[in-house]
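Now for the letters of each chain:
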Amino acid sequence: MPPRSSHAAHARLLDEVGSVDQVGIEERVAKFTTRSVKKEAKIWGLKTALSMTDLTTLEGKDTPGKIESLCRKAIHPHEGLVTPTVAAVCVYPSMVRHAKAGVGASGVKVASVATAFPSGQTHLKTRLAEVRGAVADGADEIDMVINRGAFLAGDFAQMEDEISEVLEACGAATLKVILEVSELETFDNIRKASFIAMGVLRPGDFIKTSTGKTTLNATLANNQVMIEAIRDFYLDTGIAIGMKPAGGIKTAKQSLHFLIAVKETLGDAWLNKKRYRFGASSLLNDLLRQLEKERTGAYQAPYSFSDASESY
Amino acid sequence: MSAQPKSRIPVTKTPKVYIGGAFVRSESARTFKVTDRSGAFFANIPQCTRKDLRNAVEAAAKAGPGWARRTPYNRAQILYRLAEMIEARSGELVASLVQFGARRADAEKGVAVGVDRMIHYAGWADKYAQLLGSVNPVSSAHFNFTVPEPMGVVGVVAPDSPPLLGLISMIAPVIASGNTVVALASETVPYPAVLLGEMLATSDLPGGVVNLLTGFRKELVPTFATHAQIRAIYASAGPDDRKALRLGAAASVKRVRFSGTEGAAWLNDAAQGLERIGDFVELKTTWHPIGA
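The listed protein sequences derive, respectively, from chains E and A. Following the numbering used here from start to finish, the first sequence increments by one per residue and tops out at 338. Following the numbering used here from start to finish, the second sequence increments by one per residue and tops out at 293.
Treat the hints as calculated values from the structure; they're not laboratory data. This one's a predicted model, so the numbers in the text were calculated from it and none came from an experiment. Fair warning: there could be bad hints in the mix.
[Stated by the list, open to error] With a straight-line Cα cutoff of 27 Å, these simulated DSSO-like cross-link-like pairs (lysine-lysine) come out: (1) E:K279 to A:K63; (2) E:K73 to E:K276; (3) A:K219 to E:K276; (4) A:K219 to A:K285; (5) E:K99 to E:K300; (6) A:K52 to E:K57; (7) A:K17 to A:K52; (8) A:K110 to E:K279; (9) A:K52 to E:K65; (10) E:K73 to A:K52; (11) E:K68 to A:K52; (12) A:K17 to E:K279; (13) E:K239 to A:K63; (14) E:K319 to A:K52; (15) E:K64 to A:K52; (16) A:K14 to E:K64; (17) E:K151 to E:K239; (18) E:K239 to E:K276; (19) E:K65 to A:K219; (20) A:K17 to E:K57; (21) E:K239 to E:K68.
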């Protein structure tokens, strides 16, 4: 039975998980952008960020051919540069089998968004069928969206149940729960939704900021709210949940800021692709561009990195 | 009671560099002192770093496609408008040149020639393509023609003397054909370039088409040479800088052109013309099949 008052439900949950000091968070994250990371440390950071990237294409115009070239890029990011592979390619369910064939035995995972991404506004049965379909096609990881409508209405039980059912449908596949932070409106809500999701998840599953399909995506501030929730949850329960900011992280410098946030909040145990990921499409080329700059000492042009930018 | 003149607190100006259509300080927050002809302190000028240069190149690359897509006629209008803006504030430019050591008559002449030079290239903007391009005779059923296209981001290293006319004379032919510019102003007399930036900002020139840096040559020349996205260099340089530019430009196969003009020769008509536009275009030849 849904609770009668969503206000009361939100208030009770807030009481349980604690609220977020908005000004404190914003001041804290502003500090992350002032750290100076140079030379070896920078190269390490860039390569680590590269190894954490979920190279993503989520467009209506995706084709098997495009997925194939995406997979090649994922396995072999740049000619003449020694780098790790990216963590995963992230595609729509219909593209999973093409991606699976594309990555082969390279160790790059195939992640698939599912559950009526990005809005999630369809029947649970349909959403679960989508997850099962993607897993059957070979997806190693499933990125689901939460039922924001249920959360905002204070119907936390429904949100929780739906995540459990998706988790069951995933089988052995890793689950990433997208909170879609821009639709949750406040930091308090982000923290609450993080705790609800983490309460259901297995160690090694992820919570994720956004779909990348709305105006506001991953920022240092909402990343910070979520990794602090992960830290507090870990200290309480001993269960380590991963984190994936997605959308809007376009530059290598931004990705280093996020890594600094992780280092200073969660520590080294989270500085690997098993516990931290970047959902991004254009980030990879900027990482490569900066790595190549470090290697050669010369600033590089973006069009040398398979960017579809105009040849200016 | 008569009003006594109050002593005012002097309002001194913080010169900033013009990058991407905005006036910014160096990202490094470094400045260097500039003194006027009497040796008195004038201002702290941004001492730009290679990162500022990198940012300027990003801005120039962003502005590039839009600027190149404009019609030649429109680019001509904008260059002419730029000349109007310089003309209207020529007194200020003359005063600043005099303040840093130029004779008044020379400064006046220099600014007037600078305005005329801008108009000269405004005139060329919709005419150079007809002269640099061609229709080529070929012995097959093709219509074969060559058109000049802009190269992209061009780095300009301006002379110390004359600080303003040299800068204007080197920027104008490069942007006339649709290139965008990252320019390093004179190290010894940088302030007139700061003023020029303010005039660029109030003309119709889109932000990022011309970016003006101030700072030290020895710090910036190596980055001008090696930055892969700078497609050509137009430099007024001594033997050491020439060598550094040529060597650095090799890896990115960049075109390097040196200005042979010195001192008062910048005033001459020989310091302007079509060849300078031609130095910074790529020629594209098209083979178009036609019926026999």
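To see whether the hints hold, each was checked on the structure:
no. : hint             : in the structure
1   : E:K279 to A:K63  : holds, 19 Å
2   : E:K73 to E:K276  : holds, 15 Å
3   : A:K219 to E:K276 : violated, 32 Å
4   : A:K219 to A:K285 : violated, 35 Å
5   : E:K99 to E:K300  : holds, 21 Å
6   : A:K52 to E:K57   : holds, 21 Å
7   : A:K17 to A:K52   : holds, 16 Å
8   : A:K110 to E:K279 : violated, 48 Å
9   : A:K52 to E:K65   : holds, 15 Å
10  : E:K73 to A:K52   : holds, 22 Å
11  : E:K68 to A:K52   : holds, 16 Å
12  : A:K17 to E:K279  : holds, 25 Å
13  : E:K239 to A:K63  : holds, 24 Å
14  : E:K319 to A:K52  : holds, 12 Å
15  : E:K64 to A:K52   : holds, 14 Å
16  : A:K14 to E:K64   : violated, 34 Å
17  : E:K151 to E:K239 : holds, 23 Å
18  : E:K239 to E:K276 : holds, 15 Å
19  : E:K65 to A:K219  : holds, 22 Å
20  : A:K17 to E:K57   : holds, 26 Å
21  : E:K239 to E:K68  : violated, 30 Å
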